[in-house]
Amino acid sequence: MKYMLLIYGAESSWTDAERHSCMVESMGICKELEASGKWIASSPLHSVDTATSVRVRDGKRQITDGPFAETAEQLGGYYIIDVEDIDEAIAIASRIPPAKKGTVEIRPLFDLPELPQN
Amino acid sequence: MNHSVNQFLDELYQRSSRHIFASLVRSLGDFDSAEEAMQDAFASAVHQWPTEGIPENPVSWLVSTGRFKAIDRIRRSAKLGELSEDIAIRIDAISSSNALKSTHPIEDDRLRLIFTCCHPAIDPAVQVPLTLREVCGLTTEEIASAFLTEPKTMAQRLVRGKAKIRDARIPVEIPEASELPARLDSVLSVIYLIFNEGYSASRGESLTRVELTTEAIRLCRLLLSLHEDSEVRGLLALMILHESRHETRTDSSGDIVLLDEQDRTRWNQELIIEGCELVEQSLRSGRFGTYTLQAAIAAVHAQAKSPTDTDWSQIVALYDVLLRITPGPIVQLNRAVALAMRDGPDSGLAVIDAILQRGELCHYTLAHSARGELLLRLGRIELAREAFQAALSLSSQASEQRFLEKKLAKLPQ
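One line per chain: the protein sequences are B and C, in this order. The C-terminal residue of the first sequence carries number 166 in our numbering, and the numbering is unbroken. The C-terminal residue of the second sequence carries number 414 in our numbering, and the numbering is unbroken.
Just chain C, with the same shape it has in the complex (with noise of 0.2 Å):
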């Protein structure tokens, strides 16, 4: 009996201490004694479900034992006799939270948590470990062992993201209709930043960091089945397609492989399928704006047999669109790139000098490689070698610089 019951505890724990955790955020308002009272809750069920039996909805006996446990430690804190107005209002608080919860559907507490940990408030620095050890559960160690910084460091800044929420009242709220659709966008940039540091670390050795992807991956999803929305679709399906050419992006010694290039036997075709299913449903909505647009160009490479066999003018014309909705020189770069393979190494070399005049994106590596390259293709080797070498001198990656210093050993002298 006692065996099985630490087993299903050990389960529970697992499954749902996340959520459980979510919902005593919301009800007392601070991490930490959510974290506690969690605990103290975990605690009382080794202690009397052995003997007591599993409660009938264990999650929610978990949820009020929490809840109970966290106004004992507030009264105990307090003095005797002491309790002062604020204390009192809080405990009232927690009370009231407790005897709504049972209306109150548990899932609907992590999408709170997810809007509270990407708070516009918080620093982006902060808000993506907060995110990844509350949302997410992972340790403080997990988090610094893939931003490759010291625990010290990222305990500290989890701690600085905590206190501020405490300190500076951040509501553990979904936010109002009018400003839904803004704090959509944080979250959603918070999920992309921590699946784009997964998938091409900014600097050091390794170019992905499968975990990493995988948080954001997993996140999104958690995302979309609480929250319904084209956009949340579309990073979604960018993420999936993404990660389809996860395998074939780096060759046996970690050097990069150019799109071009790779192995497309090797893409996953079940993750490309996905992808395209969830694009083409999100252009149907017709409320879709920059993920799904990129993710229809990520289908459009996915679906072609080969470099040759891809819909350029489609992608062109994606990049038109998605330049209307978000104007910028990475995007002119990456349709000038599309135009290249469209209309021939000419008309897209314009482009791109056409940017670099401007003075935008002189010290962008990819501008200047994808400068490099078409030089390269157009036959004027001396000035491709100046392009490749400008973004090797610009590069801090180690996978990017051995491709650069590869391309020019390669080039006729």
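This is chain B alone, in the form it adopts within the complex (with noise of 0.2 Å):
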């Protein structure tokens, strides 16, 4: 079963020093879900300040600064991960160090076979 790990947090709460520790704790646990199998795809993202929003309506396309909404926390990085159940999500996403400050948001994605498969 695959499940993505959205990872959310006020981007201002984190301090240079820890965010590099962070990323260092991160890769470590993707090396780890990498040699089980369980890995399928990760990343940081850059600040919310560099998102652009695209919008088609009516034909037209509208391209605006910024994110789509304007909350206190932003989406900040995301797991994608082969597993058991939503009880072994759910064990990975706490020991990610992001879910100390913020909220990681965990979502089986939807089964679609007729995608292409690499």
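Just so you know, the hints here were simulated from the structure itself, not pulled from any lab data. Beta carbons are placed, not taken as given, at the ideal position from N, Cα and C, and that holds for glycine. Check the hints yourself; a few may be wrong.
[As the list claims (entries may be wrong)] Sample of chain B residues facing chain C (criterion: CB under 8 Å; computed from the structure): (1) M49; (2) A65; (3) D133; (4) I134; (5) D135.
Make the complex out of the two chains shown on their own, each in a separate frame, by following the hints.
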């Protein structure tokens, strides 16, 4: 079963040193997940200041600077993992360092067999 | 022959359908398929048993027939020759759990189902009805009427819960040892929510809704029989001791009667004896927690012949321990009331005022009504009136409002 872990948090709540040690710790978790065949993809995201939103309405494209919604917590990164069930996903989510400051949202991936497989 | 087989099947359905359902949920991983498979299995039994005889172990016959019926359904739903890998894996899993079943006690499946329905990934507003529906076997209409909502609303909540279990793959498993205490907590809080919903209906007219308190006690007994634990025992004791006073909590017109005005001769002694024994067992284990302590407090009240006969020192001491385990203003408020009984209204009032001054419990009806009661005992009538009026303005429950109105009317002008 595949799950996406979406990591939300207030960007301002991190110092540079904390951000660095978070990355190091997260990479360790990714390597461990990969070794057991549970890692599919993951990445931190650049600050929400770099976000661009695109909408097409009545065939007309609108491009705006910034995220779709202004919220206290911003999407800061993601994991896609392949594990047995939600309990395993919860166990992994609670080990990710940002879980201590922000929120990790767990979403099961909708299985679409017709998608191109790599 | 036919008649007796049908009667046997009826009784078996009453007695064991929830067990069979729980087993099917475990192997099928989906509530709706399990319900269908169970109906299919009973239909087969109605068909076959009158001619072939009742099998030696009817329950496991029904469980394995249900599994085969489920496999048939999955095969039929996939187009011929197009069995996808996913479906093949599912069928494999169901078949292998069929092979395992003989070594696997069926009662454990009910315990698994309780943990699934009370999984913290499910909204508590859904956990409660889901447990009543899937573990206790109440109908959607019964649950809706117990919670004073429309069957349609309740049905939507149940659908949401079942979809979450299926789509997010919430396992039908007993949690690992490291997770067990936290997960058990969430099961106990669901049971206690069910009880409290029945015991002190938070809104509307009736103060007690017996069906829910009965279900909660039944569920807790089941849990204790499946999983020995001192807090499960503590919660059972707590609910039984509350239940022992059920008859005397309201008068003939449905109004609240406070503990010190209840007719103690009408308390249910059988339940009190059972509750006290459970409390003692749990305390002896040395691994008790908040439910056991609350039950111990209820036991001290239950054993007192009259309000003045109550061992208030022991109650204050138990609240002190409870405060250490679960600090919080509500426990402090309850302790203040006991303190007032031990040391006089002044000391209790000082604690309540301190809580309110910290900005806590300001919107809690019982904080203001307790304060009013203590002021009244001190003869400070005008302040008592203000406190009861504050309580009344915060109350949303009809019987509580009537109680406070009567209190206010009885105050000397």
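M49 of chain B as chain C interface residue, shortest Cβ-Cβ below 8 Å: 5 Å, holds
Answer holds if the nearest beta-carbon of chain C is closer than 8 Å to that of D133 of chain B; otherwise answer violated. 4 Å, holds
Was the hint right that I134 of chain B lines chain C, CB cutoff 8 Å? For I134 of chain B, the interface hint holds, since the closest Cβ of chain C sits about 5 Å away, which is under 8 Å.
Report holds or violated for the interface hint on D135 of chain B, using the least CB-CB distance to chain C and a cut-off of 8 Å. Since chain C brings a Cβ to about 6 Å from D135 of chain B, closer than 8 Å, the hint holds.
Hinted contact A65 of chain B with chain C - closest CB pair below 8 Å: Hint on A65 of chain B: violated, closest Cβ of chain C at ~31 Å, above 8 Å.
Hint check: a violation occurs at hint 2 only; the rest are consistent with the structure.
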